[in-house]
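> Turn these sequences into a full structure, and let the hints steer you where they fit.
Number of protein chains: 2
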Amino acid sequence: MRASARISRQTWHFQNEIRLLGSGVAVGPLEGQGPLAEEYDHIFEDSYAGEDTWEQAERKMMTQAIEVALNKSGLTAEDMDVLLAGDLLNQIITANYTARDQQIPLLGQFAACSTSMQGLALASALVDGGFAKYALTGCSSHNSTAERQFRYPTEYGGQKPPSAQWTTTGAGATVVGLGGSSGPRVTHATIGKVIDLGIKDPFDMGAAMAPAAADTLLTHFHDLARAPEDYDLIVTGDLGKVGSSILVDLMADVDVKLVAPRYDDCGIMIFSPDQEVFSGGSGCAASAIVSYSHIVDGLNQGRYQRVLVVATGALFSPVSFQQGESIPCIAHGVVLERVSSA
Amino acid sequence: MRASARISRQTWHFQNEIRLLGSGVAVGPLEGQGPLAEEYDHIFEDSYAGEDTWEQAERKMMTQAIEVALNKSGLTAEDMDVLLAGDLLNQIITANYTARDQQIPLLGQFAACSTSMQGLALASALVDGGFAKYALTGCSSHNSTAERQFRYPTEYGGQKPPSAQWTTTGAGATVVGLGGSSGPRVTHATIGKVIDLGIKDPFDMGAAMAPAAADTLLTHFHDLARAPEDYDLIVTGDLGKVGSSILVDLMADVDVKLVAPRYDDCGIMIFSPDQEVFSGGSGCAASAIVSYSHIVDGLNQGRYQRVLVVATGALFSPVSFQQGESIPCIAHGVVLERVSSA
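Here the protein sequences line up with chains R and A, keeping their order. Under my numbering, the first residue of the first sequence carries the number 603, and numbering increases by one thereafter. Under my numbering, the first residue of the second sequence carries the number 603, and numbering increases by one thereafter.
Quick caveat, the hints were computed from the structure, so don't treat them as lab data. Remember, it's a predicted structure, so these values are computed and weren't measured experimentally. Mixed in with the good hints, there may be bad ones.
[Unchecked claim] Computed footprint of chain A on chain R, listed as stretches where at least three residues anywhere in the stretch have a Cβ under 8 Å from a Cβ of chain A:
no., segment
1, 775-789
2, 832-840
3, 851-865
[To be verified] FRET-style restraints, in silico, Cβ to Cβ:
no., chain 1, residue 1, chain 2, residue 2, range
4, A, P763, R, S847, 51 to 61 Å
5, A, S610, R, R750, 51 to 61 Å
6, A, A639, R, E831, 35 to 45 Å
7, R, A827, A, Y758, 52 to 62 Å
8, R, S942, A, G904, 51 to 61 Å
9, R, Q877, A, Y758, 41 to 51 Å
Every residue, glycine too, gets a C-beta built ideally from N, C-alpha and C.
And the structure:
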């Protein structure tokens with residue numbers, strides 16, 4: 603056993619030079635009007651993406667993200683030993699049908715909106731441990747597939763409070779491998795515990811998820827003897843305006859200062875203030891499309907040296923909500939570092 | 603990179619002595635009347651398991667299986683670095699709420715009825731790679747939670763054809779760790795590809811899943827230069843009578859003989875012929891409750907030296923079915939070996 607891979611119960615240290623050999627991002631039309639638009643690889647002008655159903659459109663976006671990631675890595679689907687993928691849809695059908703079409707062995711993941719970093723952490727572990735030469739990750743969400751599954755048909759026009767979040771339409775993918783000549787390094791991961799402080803309102807998921815983000819952040823800082831200042835950027839996945847301000851308060855309570863621009867939230871970064879998305883973006887795609895475009899670009903270009911992505915997930919279902927259960931939440935963190943070309 | 607952990611694209615070889623330090627099985631009343639009843643750790647006499655809802659009952663069964671597994675291993679929930687768990691319910695709420703109550707870091711898995719072996723393969727990889735000292739796996743299914751989610755309310759009394767399968771009620775859990783003084787060894791895993799030959803009938807899942815089982819079996823035999831005769835027992839997860847006879851035919855077509863009693867199917871083994879379960883049992887619990895009771899006992903007692911468990915999963919959803927999609931399937935295999943006490 604290479605004991606040093608396990609820093610602590612929750613934090614892993616990858617022993618080898620695990621790199622993002624390629625990453626790809628595809629987004630929907632609203633995301634394509636946001637402030638990060640120029641950094642996305644592909645913007646679909648229509649939420650159907652030329653398909654007959656929104657579910658098929660979501661699959662097309664995951665496929666597109668995968669194809670861009672493969673293309674950037676110079677590798678093919680046949681080179682990938684395994685795909686770690688997931689999405690918000692019941693029985694993660696986006697991942698299942700995408701894996702079928704790509705013919706890559708599948709390990710299906712579900713961590714709600716934190717699926718992006720769960721998949722990246724596990725892919726990195728499998729490559730680091732020598733189980734896979736190359737591992738592919740993928741995750742996606744689509745506003746219209748999520749709305750009709752979790753809430754009401756879009757046509758119903760249900761009103762939402764300002765604390766509600768807007769499920770992001772898009773997908774992100776990465777090719778994880780050893781060494782290589784480009785792409786940031788994945789150095790550490792911190793696996794989250796399920797935290798549930800009793801919030802039951804699905805229109806206030808940011809408030810429900812903030813304590814899980816705080817728990818993972820504090821565990822991460824403790825395990826690595828680090829502080830926010832050790833990172834050029836710390837992003838949460840999709841706490842939105844409400845949740846991220848709660849997170850800042852929770853951290854301040856224990857004397858850890860999360861301040862802009864060092865701290866930001868992907869769900870806020872995706873949209874401009876004049877786009878009507880309530881408290882901000884959410885969905886598996888939120889953390890993925892920001893991490894695999896803006897953050898990877900920033901690391902490659904030297905704008906950032908070290909970034910911590912803490913993807914957040916609300917692990918409830920319509921049935922658990924209807925049965926009066928509170929919303930259990932989780933957050934998984936992954937550290938990305940610039941590899942200097944010296 | 604320890605290159606030898608990767609035998610091939612799909613097959614892993616664990617380098618260390620990865621053992622099932624404990625395993626636990628809890629089942630519902632119908633399963634408790636089946637031929638393996640004496641080998642189960644806990645039989646709930648009522649499908650509500652003393653809870654208010656079937657969903658809560660399913661969680662209680664997963665919790666019970668985990669507690670038995672921990673108890674047999676002599677370890678506690680605090681000793682577990684990570685829980686790899688999943689179930690059939692939308693957003694895998696059984697796993698999420700169980701992980702919340704156990705306060706073990708969670709990596710949520712979804713591979714439909716093949717979740718058992720996906721979780722065990724990943725848990726073994728994380729321990730083998732030094733990321734976890736001890737990893738816990740869990741999976742569950744419940745006939746009544748599955749019926750109302752995937753089909754009709756039980757009260758509706760819908761008729762089913764003989765090729766239909768009966769979702770097993772129960773849960774299984776394992777504690778995975780290095781060395782130790784008892785419990786079988788996990789030596790290899792073969793990760794499945796998604797196979798879809800175009801079957802669209804959810805009442806004939808065995809036929810849909812059989813080609814995925816064949817693909818994983820043939821890959822496994824090829825990668826390790828093994829044949830069925832190298833195993834004392836090969837079980838599929840839940841092909842049932844219809845699916846397992848198709849698998850035997852598919853294998854015979856390529857001159858690989860799967861014959862009883864060397865080959866069996868967990869979905870068939872759980873119930874006696876006079877129990878009315880159509881083609882046989884299905885569900886995440888099927889492969890888990892047989893593997894973690896009957897098979898682990900057989901390995902511990904010397905009745906078996908080496909067993910291959912190929913858990914099978916149908917990766918569709920009610921939405922994908924309603925949209926006219928076919929049923930993508932997968933199968934993940936894990937090899938368990940007796941460790942002689944010499």
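> Any of the earlier hints contradicted here, and which numbers?
1, 2, 3, 5, 6
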